[in-house]
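**Student:** This is what each chain is made of:
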Amino acid sequence: MEQDVNIKIIDRDGVAHNIVAPTDMAMNLMEVVRSFELAPEGTFGTCGGMAMCASCQCYVISNTVLPEKQDEEEAMLSEAFYVKENSRLGCQIQMTPQMEGLEVELAPES
Amino acid sequence: MIKTDILIIGAGPTGLFTVFEAGLLKLKCHLIDALPQPGGQCSEIYPKKPIYDIPGFPEILADDLTQNLLEQCKQFEPGFTLGERAETIDKQEDGSFIVTTNKGTKHHAPIVAIAGGLGSFEPRKPLIHNIDSFEGKGVEYFIKNPEKYRNKRVVISGGGDSALDWSIFLADIASEVTLIHRRNEFRGALDSVDKVQELKDLGKINLITPAEVTGIVGDRHVKAVVVSQAEHIEREFEVECDHFIPLFGLSPKLGPIANWGLEIEKNAIKVNNALDYQTNIPGIFAIGDINTYPGKLKLILCGFHEATLMCQAAYQILNPGKKYVLKYTTVSGIDGFDGSRKEAPKAVVKAIN
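In order, the protein sequence lines correspond to chains Z and D. Quick note: the first sequence uses the working numbering, first residue 1, plus one each step. Quick note: the second sequence uses the working numbering, first residue 1, plus one each step.
Worth flagging that the hints you see were computed from the coordinates, not collected in a lab. Here a beta-carbon is modelled for each residue, glycine too, at the ideal position from N, C-alpha and C. Hints should not be assumed to be uniformly reliable.
[Said to hold, decoys possible] Here are a few chain D residues that sit away from chain Z, every Cβ distance over 10 Å (derived from the structure):
#, residue
1, Tyr46
2, Asp90
3, Gly160
4, Ala230
5, Ser251
6, Ala344
[To be verified] DEER-style ranges, computed between Cβ atoms:
#, chain 1, residue 1, chain 2, residue 2, range
7, D, Thr329, Z, Val65, 55 to 61 Å
8, Z, Arg12, D, Pro320, 46 to 52 Å
9, D, Lys152, Z, Asn6, 53 to 59 Å
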């Protein structure tokens, strides 16, 4: 479908998954990871998408233009572990047509 | 030994509502929870956030839902073992169970209802290579007894509510409080942020930001922490202290329940959803977010439904062969174990002339 985007997600075991994600279902990256079961249930997206647990942290590898970090995401990342320059919370990245070509790696569980 | 009819593991919304439904059937409940307060995720992760899909409540804050559930079940006098994690389960000859917590508290019940949500909340430990060897020797992830810190030098790290609140609280008790955070900004209630600012200005809290604790120094006990600060130029120094308290929130882990011989699938306990939410071990039920079955939805409202059906099954196990007729609370009222009675007011029957 034309509203789908192709994204690449590297799971915590280093395995790359090419995913066709819908953009018409108000899904965010965390939900995409969960719906494709790329991380064990209960270890990813624990708070359900409130930017309150950092379990959906990922590293953005592609230079896709992403929405700016809001205060809540910034604050949560400042308390998370394994944080790098390119860390983002998956739950704060909405699947829109602009996400075509997005490449991310899931941060380790903590 | 604590004795009860239904031992509930997990004091979140599903566990609390179980108390009410069991109470209607004259069954007594006791709850165990690893957190120091009831409410589960609603109190630990998002107390101030609104929930919009609780039937009958267009909008309710998670904390208010917890308070309402406690109020709704209070006449059934639930017992609580809080701040302890259910560790082992031993089936007795008569089919009942003894559940022992990590602190050794024993609970005896014929029925066990696991309403453990995503598991028990464990502290998130910062990535400091030698932190494990100082646990209980000056490194603590929870503050249980603040008196322990009287006249001691304490270093707290973290940037959320608990780091702020405990820094404020300990400022009056400890001889020295140092708060270390990776950023200058803190995420917390505005009052707490202002209060920390005030205490910092008064010299009662020593604030080090943006910085991080990267090591612990000590022999058999914490003597200092290594701090690396990254303002302008990066520098590393030691802060002498007696206690180091990292407060980086909690993350849920299935934990010891995984070793109870229950059938587990995708970090959840498989149950019979066609009947009564019983697990593969008769007498042990799993309800709410912790269970799984085809079509499972992790919603509070689904947990309420599961709790209700589970209590009926528990009643049948405890009262074999007994006839049971469903009664509406509006018709029968509620008789509390505390002697209280709630009932619908009688209609007025009077002639109009």
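**Student:** It remains to establish, for every hint, whether it holds in the given structure.
**Tutor:** Outcome of the hint check:
Not every CB of chain Z is more than 10 Å from the CB of D/Tyr46 (nearest about 6 Å), against its label as outside the interface. For D/Asp90, the non-interface assignment is confirmed: its Cβ lies about 26 Å from the closest Cβ of chain Z, beyond the 10 Å cut-off. Once the 10 Å rule is applied to beta carbons, D/Gly160 is inconsistent with being away from chain Z; the minimum gap is 6 Å. The beta carbon of D/Ala230 is kept farther than 10 Å from every beta carbon of chain Z, the shortest such distance being approximately 12 Å.
With 10 Å as the threshold on Cβ separation, the claim that D/Ser251 sits away from chain Z is violated: the shortest Cβ distance comes to roughly 7 Å. Every beta carbon of chain Z lies more than 10 Å from that of D/Ala344, the smallest distance being close to 37 Å; the non-interface claim holds. For D/Thr329 paired with Z/Val65, a C-beta distance near 56 Å keeps the hint of 55 to 61 Å intact. At about 48 Å, the beta-carbon gap between Z/Arg12 and D/Pro320 stays in the expected band of 46 to 52 Å.
The supplied range of 53 to 59 Å is met by D/Lys152 and Z/Asn6, whose beta-carbon atoms lie about 56 Å from each other.
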